[in-house]
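So the protein lines, in turn, are chains G and C. Note that our numbering has the first sequence beginning at 17, numbered continuously upward. Note that our numbering has the second sequence beginning at 17, numbered continuously upward.
Warning: the hint list may mix true and false statements.
Chain copies aren't distinguished; within one or between two, either way the pair holds.
Derived lysine to any residue pairs resembling SDA-like cross-links, with alpha carbons at most 25 Å apart [said to hold, decoys possible]:
1. Lys-359 x Ala-82
2. Lys-359 x Leu-267
3. Lys-359 x Trp-140
4. Lys-359 x Gly-69
5. Lys-145 x Gly-232
6. Lys-359 x Met-20
7. Lys-145 x Gly-73
8. Lys-145 x Ala-82
9. Lys-145 x Asp-102
10. Lys-359 x Ile-238
11. Lys-145 x Leu-72
12. Lys-359 x Thr-78
13. Lys-145 x Asp-304
14. Lys-359 x Gly-276
Worth flagging that the hints you see were computed from the coordinates, not collected in a lab.
Residues per chain, in single letters:
Number of protein chains: 2
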Amino acid sequence: MRDMIRVLLLGTGQMGCGIARLLLDKPGVELAGAYGRRAERTGMDVGTAIGLGRELGIDLHTDLEASIDQARPDVAIQATCSRIEDAMAEISTLVEHGVSVISIAEQMAYPVTASPAIAEQIHWHAQSKGVAVLGTGINPGFVLDLLVITLSAVCSDIRSITARRVNDLSPYGLSVLSAQGVGLTPQAFREGVAQGTVVGHIGFAESIHMIAGAIGWQIERIEEQREPIVAGVRRQTAQVTVEPGQVAGCLHSAIAYRAGEPVITLIHPQQVRPELEGEATGDSIEIDGTPPVRLAGSPEIAGGEATIALAVNMIPQVLNAAPGLHSMADLPVPHAMLGDLRKHLHGARS
Amino acid sequence: MRDMIRVLLLGTGQMGCGIARLLLDKPGVELAGAYGRRAERTGMDVGTAIGLGRELGIDLHTDLEASIDQARPDVAIQATCSRIEDAMAEISTLVEHGVSVISIAEQMAYPVTASPAIAEQIHWHAQSKGVAVLGTGINPGFVLDLLVITLSAVCSDIRSITARRVNDLSPYGLSVLSAQGVGLTPQAFREGVAQGTVVGHIGFAESIHMIAGAIGWQIERIEEQREPIVAGVRRQTAQVTVEPGQVAGCLHSAIAYRAGEPVITLIHPQQVRPELEGEATGDSIEIDGTPPVRLAGSPEIAGGEATIALAVNMIPQVLNAAPGLHSMADLPVPHAMLGDLRKHLHGARS
Chain G
17 MRDMIRVLLL GTGQMGCGIA RLLLDKPGVE LAGAYGRRAE RTGMDVGTAI
67 GLGRELGIDL HTDLEASIDQ ARPDVAIQAT CSRIEDAMAE ISTLVEHGVS
117 VISIAEQMAY PVTASPAIAE QIHWHAQSKG VAVLGTGINP GFVLDLLVIT
167 LSAVCSDIRS ITARRVNDLS PYGLSVLSAQ GVGLTPQAFR EGVAQGTVVG
217 HIGFAESIHM IAGAIGWQIE RIEEQREPIV AGVRRQTAQV TVEPGQVAGC
267 LHSAIAYRAG EPVITLIHPQ QVRPELEGEA TGDSIEIDGT PPVRLAGSPE
317 IAGGEATIAL AVNMIPQVLN AAPGLHSMAD LPVPHAMLGD LRKHLHGARS
Chain C
17 MRDMIRVLLL GTGQMGCGIA RLLLDKPGVE LAGAYGRRAE RTGMDVGTAI
67 GLGRELGIDL HTDLEASIDQ ARPDVAIQAT CSRIEDAMAE ISTLVEHGVS
117 VISIAEQMAY PVTASPAIAE QIHWHAQSKG VAVLGTGINP GFVLDLLVIT
167 LSAVCSDIRS ITARRVNDLS PYGLSVLSAQ GVGLTPQAFR EGVAQGTVVG
217 HIGFAESIHM IAGAIGWQIE RIEEQREPIV AGVRRQTAQV TVEPGQVAGC
267 LHSAIAYRAG EPVITLIHPQ QVRPELEGEA TGDSIEIDGT PPVRLAGSPE
317 IAGGEATIAL AVNMIPQVLN AAPGLHSMAD LPVPHAMLGD LRKHLHGARS
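Excised from the complex, chain G in its bound form (with noise of 0.2 Å):
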């Protein structure tokens, strides 16, 4: 069999330290390296970095070029940020050493949508050197995207389409909650929204658009609305209390439309204990369509785990892809990658 798959994480946040774990856990593959943004951290032992309880012998670097250098990795996974002009300049630098790569970057599942521009340097950049670029994750990258789009299959004709990602945050650092305005008066929450501190979900437009690109939508415009969930009781987590009165979280939802309908809804209410108030944490699919299909499962997928294993079950994926950026509606369907990993690559079956 091939040599092992050697992975560069960047980033070693909560994503990042879940992927490294799961990487140290599957064989096949090599946490060949990491590299992090937090300079104070430069030298650190990756295996403190991500509070594994012991030392790896790996250096946290916050050089990428050197990381690169001293890992030699086939592939590389960005655990970085969310938005695709923070995403591109480390993209950009594995790229040119040759590096594929993997970003849960929320922006990258679908990048033509936020930097038509940057999406097509990426793609061009990425050929050129061989290599194949790939944004996925829980949402976007899967609930509300890739299973609609898989779902669609069934469907001769469809007239809307509905999803729904119900979670609670209470596992979430404060970072997280001040995003979805957890905590803040209601009053605080629209100035929030209006000057950005409270951002909501990120991704929906890059659902939307990849939902539409697969099934030939063109769709018009897409509304997006961030309203205030006001607690009506007490609800507290590790991190916060939120009291009567307070928000608990942020109800985003974004409605696109095609030929001045209204074709997909996706609705993402983010908030801290819903149950408190009697509202079950899910995901749900509907499609209004020949045949109509609705799918639904009560707690949500937990969206940490889930994006940690999409990470790590795409890297054969992308290693047997064609070189260039693709979108998880592009490539091969996903799935579980069970055992070693390196008997997903093509032509590697042992």
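Could you slot chain C onto chain G? The hints should help.
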């Protein structure tokens, strides 16, 4: 834009008729010819054969080579049979004439299961002729395999998979009902199972091997069980009346073992009017993995409409595919192909 995609239809049963009607409605594709096995229908107008209420000016052929010569198809849709042994002569003729094939024969969903030798032969033949061959359909082909595979993408580990499809046979005719033992005594049902006249579902082994092949499991053995669903109340459809004590359908299930443990369980009871005894129809998939995944919907995705849609939606995928034999699991993510079918061909966007 390129010329219309020319499709030759094989079979004018319930599925063939539905596929023909969809092709007639669909922009960018042309029903270029039709072939049926029943000699007594030679020369009948296809519009008459499919009960369209108007003539189409296309004769139904019972000589496949003649219909290929006349239709000059890009792709053929085979809706004539269930088993690979029965499907292969037609597929072989089509491939020999350079025609790609989409088959809804159940065993063609993952043909290496029923016959590795025939699957190999089809693969090399298709490669040598530069065409692609695919099996599809709602089940096998989608609900109990492709959708399971897709959902597995969010899992870093999987302990077991359970998927269930509960449907209502009320829309179906006597041949389908008889294959499920509907109307028999429980005793006659068991004799029918032993003699092979009560078949149950065709496709469990195909679905299991498609899932296992994708995620990387070696399956040791599959145990199938066919139990009579005995009516507790009178169950009546347009075709049949089942009295209490008689068989309303077949509870067919399959369990696949790996390393001595049951790892994939597929359950597909098929019966008339389950709602009369409080059983709701529906589809459900449960993955005991990291993270766990559970999605369900009721009623079940309508099997006939879905199979018809899949057969047509996969036309661009098959024409885009590399030559050879494919399964739903190794092609790009399937999806609805709305609007002109030609715009979904690679390099053919208008």
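Task: Same-copy or cross-copy closeness of Lys-145 to Gly-232 [CA-CA at most 25 Å] - done: neither (30 Å within a copy, 30 Å between copies)
Open item on the list: One pair to classify: Lys-359 and Trp-140, alpha carbons no more than 25 Å apart. Within, between, both, or neither?
Closed with: between (29 Å within a copy, 23 Å between copies)
Open item on the list: Within a copy, between copies, both or neither: which one fits Lys-359 and Ala-82 at a CA-CA cutoff of 25 Å?
Closed with: This pair counts as neither: shortest intra-copy Cα distance 30 Å, inter-copy 45 Å.
Task: Within, between, both or neither: Lys-145, Asp-102 at alpha-carbon 25 Å - done: within (21 Å within a copy, 48 Å between copies)
Open item on the list: I want to check one pair: Lys-359 and Gly-276. Are their C-alpha atoms no more than 25 Å apart within a copy, between two copies, both, or neither?
Closed with: For Lys-359 and Gly-276, only the inter-copy Cα distance (22 Å) is at most 25 Å; the intra-copy one is 48 Å.
Task: Copy assignment of Lys-359 with Leu-267, given that the CA separation must stay at most 25 Å - done: neither (43 Å within a copy, 36 Å between copies)
- [ ] First find the shortest C-alpha distance between Lys-359 and Ile-238 inside one copy, then the shortest across copies, and answer within, between, both or neither for a cut-off of 25 Å.
- [x] between (42 Å within a copy, 23 Å between copies)
- [ ] Could you place Lys-145 and Gly-73 in one of the four classes (within, between, both, neither) given a Cα distance threshold of 25 Å?
- [x] Close neither inside one copy (30 Å) nor across copies (53 Å); limit 25 Å.
TODO: Classify it for me, Lys-145 with Ala-82: is the Cα-Cα distance of at most 25 Å met within a copy, between copies, both or neither?
DONE: within (19 Å within a copy, 49 Å between copies)
Task: Homo-oligomer pair classification [Gly-69, Lys-359; C-alpha up to 25 Å] - done: neither (31 Å within a copy, 54 Å between copies)
Open item on the list: Reference check for the pair Lys-145 and Leu-72, CA-CA at most 25 Å: within, between, both, or neither?
Closed with: Result: close neither inside a copy nor across copies, 31 Å intra and 53 Å inter.
Task: Intra/inter-copy verdict for Lys-359 and Thr-78 if alpha-carbon distance must be at most 25 Å - done: Close neither inside one copy (32 Å) nor across copies (45 Å); limit 25 Å.
In this structure, the hints that do not hold are numbers 1, 2, 4, 5, 7, 11, 12 and 13, in rising order.
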